[in-house]
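Chemist: Chains A and B supply the protein sequences, listed in that same order. Numbering-wise, the numbering used here puts 144 at position 143 of the first sequence, and it's gapless, one number per residue. Numbering-wise, the numbering used here puts 212 at position 74 of the second sequence, and it's gapless, one number per residue.
Please note that a few of the clues may not be correct.
[Unchecked claim] Derived list of chain A stretches under chain B, where covered just means 3 residues or more per stretch with a C-beta under 8 Å from a C-beta of chain B:
id, stretch
1, 234–246
2, 407–415
3, 494–503
[What the hints assert, rightly or not] Computed cross-link-like contacts, SDA-like style, restricted to lysine to any residue with a CA-CA straight-line distance of at most 20 Å:
id, chain 1, residue 1, chain 2, residue 2
4, B, K236, A, V482
5, B, K236, A, N506
6, B, K160, A, D132
7, B, K160, A, A511
8, A, K225, A, K294
9, A, K8, A, A18
10, B, K236, A, G491
11, B, K160, A, K225
12, B, K160, B, V240
13, B, K160, A, E181
14, A, K225, A, D239
15, A, K339, A, K298
16, B, K160, A, P509
17, B, K236, A, S496
18, A, K202, A, Q213
19, A, K85, A, A106
20, B, K236, A, A511
21, A, K294, A, T215
22, A, K367, A, V394
23, A, K85, A, S95
24, B, K160, B, S183
25, B, K236, A, D362
26, B, K236, A, A485
27, A, K294, A, D173
28, B, K236, A, Q488
29, B, K160, A, T499
30, B, K236, A, A513
31, B, K236, A, K202
32, A, K309, A, Q399
33, B, K160, A, S496
34, B, K236, A, T498
35, B, K236, A, Q484
36, A, K294, A, K339
37, B, K236, A, S231
38, B, K236, A, H348
39, A, K298, A, Q213
40, A, K170, A, E134
Since the hints were made in silico from the structure, they are not lab data. Note that CB positions come from ideal geometry on N, CA and C, so glycine has one too.
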Amino acid sequence: MENLTTKQIEDFNNPLAFARTREARVGQSVIGLVENRPIWTEDIEASYRLILGASERLETLEGNLNTMLDLSRSGESARGNEQKIEEVYGKLRSLSAGFDQIIDAVVFDGRSVFAGDPVYLDLGGGARPIDLETSRLLTYGEDGLGLSAAEATASVNISYSIDDQIVNKAFDIVGLDIAEGSYNQSTDPTRELETGTYKVKISYEGPDSTVQLTTTTGAIIESKTGVDLSGSGREWVDFDVGLRLTFEMDSLFGSFDKWDYEGRGPANLSATLNYERLDGHVLRTSDEVLEDKIEMKYDPVLSDGNGKITLSDLNFSPVSVDKTALDNGVYSLSVEYKGENSIVRLHDGLGRLQGYQFGVDLTGEKTTVDFGNGFSFDVNNTGYLQDGATLTVPVEYQHERPPLEDFDFSEYAKRIEAAIEVVAGQREVVEEARLRIEEVNNMRNLAATSAIPNTAALAASGALNILAGGGGISNPFDPSVTQARLQLLGSQLFSTTTALPAQANQSPEALAQLELQSANGWLVNYA
Amino acid sequence: MGKKGKKAYQANQYSKAQSESKEAAGQRLVRVYELAIGAAQEQNSQGVRYCLSLLRHTLDPSSSPEVVLTQSQLYNDCEEILNNEDYPQLLNILEYLKGLWVARMRVDSMLQD
């Protein structure tokens, strides 16, 4: 593959790039889906078409895997070169997604041949169908090749339709914008939004605003009240339906904040939201996926005779553009109470300052502190007054890392090698099936012309299977085929000198037993 | 009788025994077909199945795999026809098979002479 531009690398490594459409919500089984339902071809021609198509695609897949192997090895030697690593990783994402697309394209009767379902190839009357022992060749999922993972995500797009623009123009609010919508995986998956179009309705009243998510016809899905959209900065609203909205705020006027809601009442804003359920295409080498976790080692309390200060609602917040995301680890969080000028600090294990805010007014009942580095929490005050006291607590912060950060190219190369073996095995299986179909077909043609089949024809129709099975799978009886066989046998018996030993092997004892049974009206079971 | 004459006599005796053994085996095979035909005429499916079972289990692929394959497929056909209780068709096939083997044995016998 040729070198990628910076823009291409960025596109290839976009978490939503190569994502697949997801119909079910997270953890939901698709109703009516019958797993492992076999695929049957209807006749020998269909079997042959399927095999030829599969054979061609498997060859392409093997080529793709070899390219991926070369790339992965080049990734191993690119240690320290971040751009090169990102480029190789992006290419691997692209190629592995392409691999899945090829697998999805090998279909029979609308179903993927290499999705792990049993496949039976019909060979016509008189021949046992081939059980094509296919493997699941998708790069993701249980029993897959383990080259990628499908992780639930969603694409969220905010736009403003004509009706939104009419509403928004009527209020002419300045300094409030929905910066982005994103999938919020920490919510209850059973309530996830379905793929579709929705409306976001904002009733702006400064620190006591309301954000509603509704259907396009206006039915409320979820409503969040008491949202603080006052001042400047970023604010996010998490909905339980798997959605996070991030607002960007600018307070530009001295006399009022964005809109004179105190004098003129709340301002209404409207936006259109498109939600699409997706499965992200993720390449990982670490099997251990970190679960998001922020917890205090204990519940700290600062109290005086009037009241107390406690901490709550530790959250993952969006990272500000000018800040670095907090690394996973244990931190020391301290709150120095000085009324309206309190100070909040976050230190890492080595004592380095990772978050700092001063001039925080903690006199209110509940104050949200957001360091802007992905960590926020609430300070609750029930009347505490004593200045100068400090509350300190260790906090464990664990957030899922971007897959590239833990990516081990050496380990991935091993997985590709294993995948190459699996695909090579499948090529053999398909090749054997192709030969067998061709030979069965040849044998039929020979039988039809009373010619003498060769030993290859014998192998093709699986003589041993037929003998061992004592009849094998029942096939529809075709008298013309039987007639052809009788004629064929006639030719065979007179073209070899060893015909008799092939059948005339009945021992005198066996014959005597048969005679006895015949005499008794066939009432005794033949042993 | 000299040494050479004795050896020739022994070889001849051995060949004769072999030929008789082949003929006897052929006769037993034909007899099995006759029993199968008899059972089919009586429309005794169990009897036909016993005979077909013996015929199937005495096939020897090592001597002529092509013949064994075709025979085996024909026995499958016979069982299928038996399941459909189409006795005239079954008798037709069994008679045809018996006839083929009788003809083959005659050819063997002529070659032997």
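Chemist: Taking the hints in turn, state whether each one holds.
Modeler: Hints and how they fare:
1. 234–246: violated (count 0)
2. 407–415: The restraint on the stretch 407–415 of chain A is violated, since only 0 of its residues have a Cβ under 8 Å from chain B and three are required.
3. 494–503: With 8 residues close enough to chain B, the hint holds.
4. B:K236 x A:V482: holds, 19 Å
5. B:K236 x A:N506: holds, 15 Å
6. B:K160 x A:D132: Distance of about 41 Å is beyond 20 Å: violated.
7. B:K160 x A:A511: Satisfied, since the Cα-Cα distance of roughly 17 Å is no more than 20 Å.
8. A:K225 x A:K294: Measuring from Cα to Cα gives roughly 24 Å; hence the hint is violated.
9. A:K8 x A:A18: holds, 13 Å
10. B:K236 x A:G491: holds, 11 Å
11. B:K160 x A:K225: Distance of about 97 Å is beyond 20 Å: violated.
12. B:K160 x B:V240: Since the Cα atoms of K160 of chain B and V240 of chain B sit roughly 13 Å apart, the hinted pair holds (cutoff 20 Å).
13. B:K160 x A:E181: violated, 92 Å
14. A:K225 x A:D239: Status holds; Cα separation ~9 Å.
15. A:K339 x A:K298: violated, 24 Å
16. B:K160 x A:P509: With Cα atoms ~13 Å apart, K160 of chain B and P509 of chain A stay inside 20 Å; holds.
17. B:K236 x A:S496: holds, 18 Å
18. A:K202 x A:Q213: Answer holds: K202 of chain A to Q213 of chain A is near 5 Å, not above 20 Å.
19. A:K85 x A:A106: violated, 31 Å
20. B:K236 x A:A511: holds, 18 Å
21. A:K294 x A:T215: Violated, at about 30 Å.
22. A:K367 x A:V394: Given pair K367 of chain A, V394 of chain A holds - Cα atoms ~18 Å apart, limit 20 Å.
23. A:K85 x A:S95: Within the cut-off at roughly 15 Å; holds.
24. B:K160 x B:S183: violated, 30 Å
25. B:K236 x A:D362: violated, 108 Å
26. B:K236 x A:A485: holds, 17 Å
27. A:K294 x A:D173: At roughly 41 Å apart (the allowed maximum being 20 Å), D173 of chain A and K294 of chain A break the hint.
28. B:K236 x A:Q488: holds, 13 Å
29. B:K160 x A:T499: holds, 11 Å
30. B:K236 x A:A513: holds, 19 Å
31. B:K236 x A:K202: violated, 90 Å
32. A:K309 x A:Q399: The hint is violated at about 28 Å.
33. B:K160 x A:S496: holds, 18 Å
34. B:K236 x A:T498: The given pair, whose Cα atoms are some 18 Å apart, holds under the 20 Å limit.
35. B:K236 x A:Q484: Given pair K236 of chain B, Q484 of chain A holds - Cα atoms ~15 Å apart, limit 20 Å.
36. A:K294 x A:K339: violated, 30 Å
37. B:K236 x A:S231: violated, 102 Å
38. B:K236 x A:H348: violated, 98 Å
39. A:K298 x A:Q213: violated, 35 Å
40. A:K170 x A:E134: Violated, at roughly 64 Å.
Going down the numbered hints, you'll see the structure goes against 1, 2, 6, 8, 11, 13, 15, 19, 21, 24, 25, 27, 31, 32, 36, 37, 38, 39, 40, while the others check out.
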